[in-house]
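Enquirer: Could you put the whole structure together from the sequences, leaning on the hints where they help?
Number of protein chains: 2
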Amino acid sequence: MRSDLTFCILQFMTVSNLQQHITQPVTILDEQKCRQNIRRMKSRADENQAILRPHFKTHQSAEVGKWLREAGIHQGTVSSVSMAKYFVECGWEDLTIAFPINPREWPEVQDLASKASICITISSPHVLDFLVQNPPSHPLGVFIKIDVGTRRTGLRATAEKEIKEIITSLQNIEGYTFRGFLCHAGHAYQCRSQAEIQKVHDDVRAMMLGLRERFAQFEPFVISSGDTPTCSNALNWDGIDEMRAGNFVFYDLMQWQIGACSPSDIAVCLACPVVALHPERNSVIVYGGGIHLSKDRIVWDNKTIYGMPVHFEQGSLQWTMPDGESFVSRISQEHGELQVSDEFLKQTKVGDLIGILPVHSCMTADVMKSYLLSSGDTIEMMQRV
Amino acid sequence: MRSDLTFCILQFMTVSNLQQHITQPVTILDEQKCRQNIRRMKSRADENQAILRPHFKTHQSAEVGKWLREAGIHQGTVSSVSMAKYFVECGWEDLTIAFPINPREWPEVQDLASKASICITISSPHVLDFLVQNPPSHPLGVFIKIDVGTRRTGLRATAEKEIKEIITSLQNIEGYTFRGFLCHAGHAYQCRSQAEIQKVHDDVRAMMLGLRERFAQFEPFVISSGDTPTCSNALNWDGIDEMRAGNFVFYDLMQWQIGACSPSDIAVCLACPVVALHPERNSVIVYGGGIHLSKDRIVWDNKTIYGMPVHFEQGSLQWTMPDGESFVSRISQEHGELQVSDEFLKQTKVGDLIGILPVHSCMTADVMKSYLLSSGDTIEMMQRV
Chain C
1 MRSDLTFCIL QFMTVSNLQQ HITQPVTILD EQKCRQNIRR MKSRADENQA
51 ILRPHFKTHQ SAEVGKWLRE AGIHQGTVSS VSMAKYFVEC GWEDLTIAFP
101 INPREWPEVQ DLASKASICI TISSPHVLDF LVQNPPSHPL GVFIKIDVGT
151 RRTGLRATAE KEIKEIITSL QNIEGYTFRG FLCHAGHAYQ CRSQAEIQKV
201 HDDVRAMMLG LRERFAQFEP FVISSGDTPT CSNALNWDGI DEMRAGNFVF
251 YDLMQWQIGA CSPSDIAVCL ACPVVALHPE RNSVIVYGGG IHLSKDRIVW
301 DNKTIYGMPV HFEQGSLQWT MPDGESFVSR ISQEHGELQV SDEFLKQTKV
351 GDLIGILPVH SCMTADVMKS YLLSSGDTIE MMQRV
Chain Z
1 MRSDLTFCIL QFMTVSNLQQ HITQPVTILD EQKCRQNIRR MKSRADENQA
51 ILRPHFKTHQ SAEVGKWLRE AGIHQGTVSS VSMAKYFVEC GWEDLTIAFP
101 INPREWPEVQ DLASKASICI TISSPHVLDF LVQNPPSHPL GVFIKIDVGT
151 RRTGLRATAE KEIKEIITSL QNIEGYTFRG FLCHAGHAYQ CRSQAEIQKV
201 HDDVRAMMLG LRERFAQFEP FVISSGDTPT CSNALNWDGI DEMRAGNFVF
251 YDLMQWQIGA CSPSDIAVCL ACPVVALHPE RNSVIVYGGG IHLSKDRIVW
301 DNKTIYGMPV HFEQGSLQWT MPDGESFVSR ISQEHGELQV SDEFLKQTKV
351 GDLIGILPVH SCMTADVMKS YLLSSGDTIE MMQRV
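Quick note, the sequences are listed as chains C and Z, same order. If you use the numbering used here, the first sequence closes out at 385, no skipped numbers anywhere. If you use the numbering used here, the second sequence closes out at 385, no skipped numbers anywhere.
Identical copies go unnamed one by one, so any copy, or any two together, can satisfy a pair.
Cut-off 27 Å, straight-line C-alpha distance, at most; resulting in silico cross-link-like pairs (DSS-like, lysine-lysine):
{"hint": "1", "residue 1": "K85", "residue 2": "K369"}
{"hint": "2", "residue 1": "K85", "residue 2": "K42"}
{"hint": "3", "residue 1": "K164", "residue 2": "K349"}
{"hint": "4", "residue 1": "K346", "residue 2": "K161"}
{"hint": "5", "residue 1": "K349", "residue 2": "K161"}
{"hint": "6", "residue 1": "K346", "residue 2": "K164"}
{"hint": "7", "residue 1": "K66", "residue 2": "K33"}
{"hint": "8", "residue 1": "K42", "residue 2": "K66"}
{"hint": "9", "residue 1": "K115", "residue 2": "K85"}
{"hint": "10", "residue 1": "K115", "residue 2": "K369"}
{"hint": "11", "residue 1": "K66", "residue 2": "K115"}
{"hint": "12", "residue 1": "K42", "residue 2": "K369"}
Keep in mind that the hints were calculated from the coordinates and are not lab data.
Expert: Below, the structure written as structure tokens:
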């Protein structure tokens, strides 16, 4: 009975071998595209005589880390102490925790510093007392986070008194080394053209080079800047020592909209089973919702969208390019609602597997917690606890 | 050295015993509030002579399931086959999978049906061929999902021909039993008053009772309706057999805004370490971002918000009520940015632990994957794979 049943299901689905084992939403990672994105960014960093210290928060995966190493990258950025721990265990020896130092994780940071070269980040002067009162048991580099316009966190470049106080206070304490200034132009995500990206970059660079000049007495130190839009496109990195982009390994619809990549560079795609059709309103319902894609969204052609559906090529997990008319128009916990073109609808039936290009690949990767390579192999990523 | 260090940290933090072990974002679950929410909803169902078949997608936890059982609830709703599997393994014997049946998981559904009483859901007629061609190996109940106005998925109540075709086709196949009509008034989430909730409920009830009348020839069957706003508040459930609310176990800011609960009913709260302060703009930065809260948001007093910060009472994991002026104004992957009142700012310092009441508790619970009870015990929930 079961083998007859299985046969019927396979017949019904008429899918290739690689697709037929997929029964639930899964993130497909195209290794070739990802490695190409890595190589391209490494070349850009090399051309600009900058160190590429990619942010690992996008992929959170030992395997993608291996691909980075194979491209000649040996320094990394993480956004949490847990992530630092994971990558130190994977053999990374030089990591910057580009997140405000969290006093509650101080013992864990000490432990990491005993195993690898670790830099922490100060984002507001209010943590200085804690750092002074708790000298590190192992050497720790310290970056000062500069708010270059995003107004999330960090000290203003004009806060000379506070910056000087931080540097001089820590200089007197064994174990701390002032490593430099770090920024993240989060406002580059508002850009929609090369010219806008270049403008953000030029402003950020001017601000950071100003620091280099004003705090010359504390040289040598590093100027570290990074976000995928400027790292992908902006010209003239003179005076910037480090590029810290993260999203570029996968890219996504947001980056495409910003102009940081083309749709063919997007290296991840959520594979989703089609579970219902409503042809009268060009609607396709997939198993794949907010807990798989995340609820990140963008406005595209005046519509709020949560992703773009694509088809997989027969016999593979390679996906086609989005048609520009089909969108994920709404998502709930497990449902994805697609508003599709007539042509897309015609090619789609219940039981099919379709792909969704994510709005924000970092968030999709994080909620899914593993990747299926286009080759059919699964690779793990860091788990929550 | 380490013990000195630990002492200094504890001094710096001046926190109670229950708070001091929290170093990273964690979801605090107030068992007492949760059990009270459960008891209140069970009483409402009892008063309305309806079965309470709560949706487990909110909590996804064996332990919360136990609390439901202790309140006399023995039937459940799930939104995925994986969730059904988890709860069957926890001893639940009667589950409805209130999600369009996914042909790709047919073998898993058969397996579940061999272990428990399982109902599946048909949301569009396009899956009928599959069901007809693949008779179940064990008895399966079948619900037809009715689109009562949300326009997500489901058949229109007016689609008499299609509904009849589904029922009669399956009647002829051994193993399937038509169990009734199921709806979810997702559009009740747009309500902002009791009167609006009542209006949605009255319309839904009229639509569902119309089905009861028109398809009387197929009685006995069940009319199952459920969403937390109407289940929490609407009057007159005559003719509705089942209530399928899910969110009510925790509630959240969205439900408070709708008018389905009061802020003191909210049973979950994300505990977050404070990592930076920007007093000049009343801004507090916490370790706790989109990967902890989810990116679900609501508009509150013309502002888009991602949560509301609260303080924990000294010496416990009990939280105070939100002050109505402090909000999570922006989130990125790991950063939460709070825009707070002068009073809130005055009470907050780097190293503190503050709480965030979530906009949408289902999503926050899902991304966090475990709960810390206010008592200090951790309870597990279903894991992705």
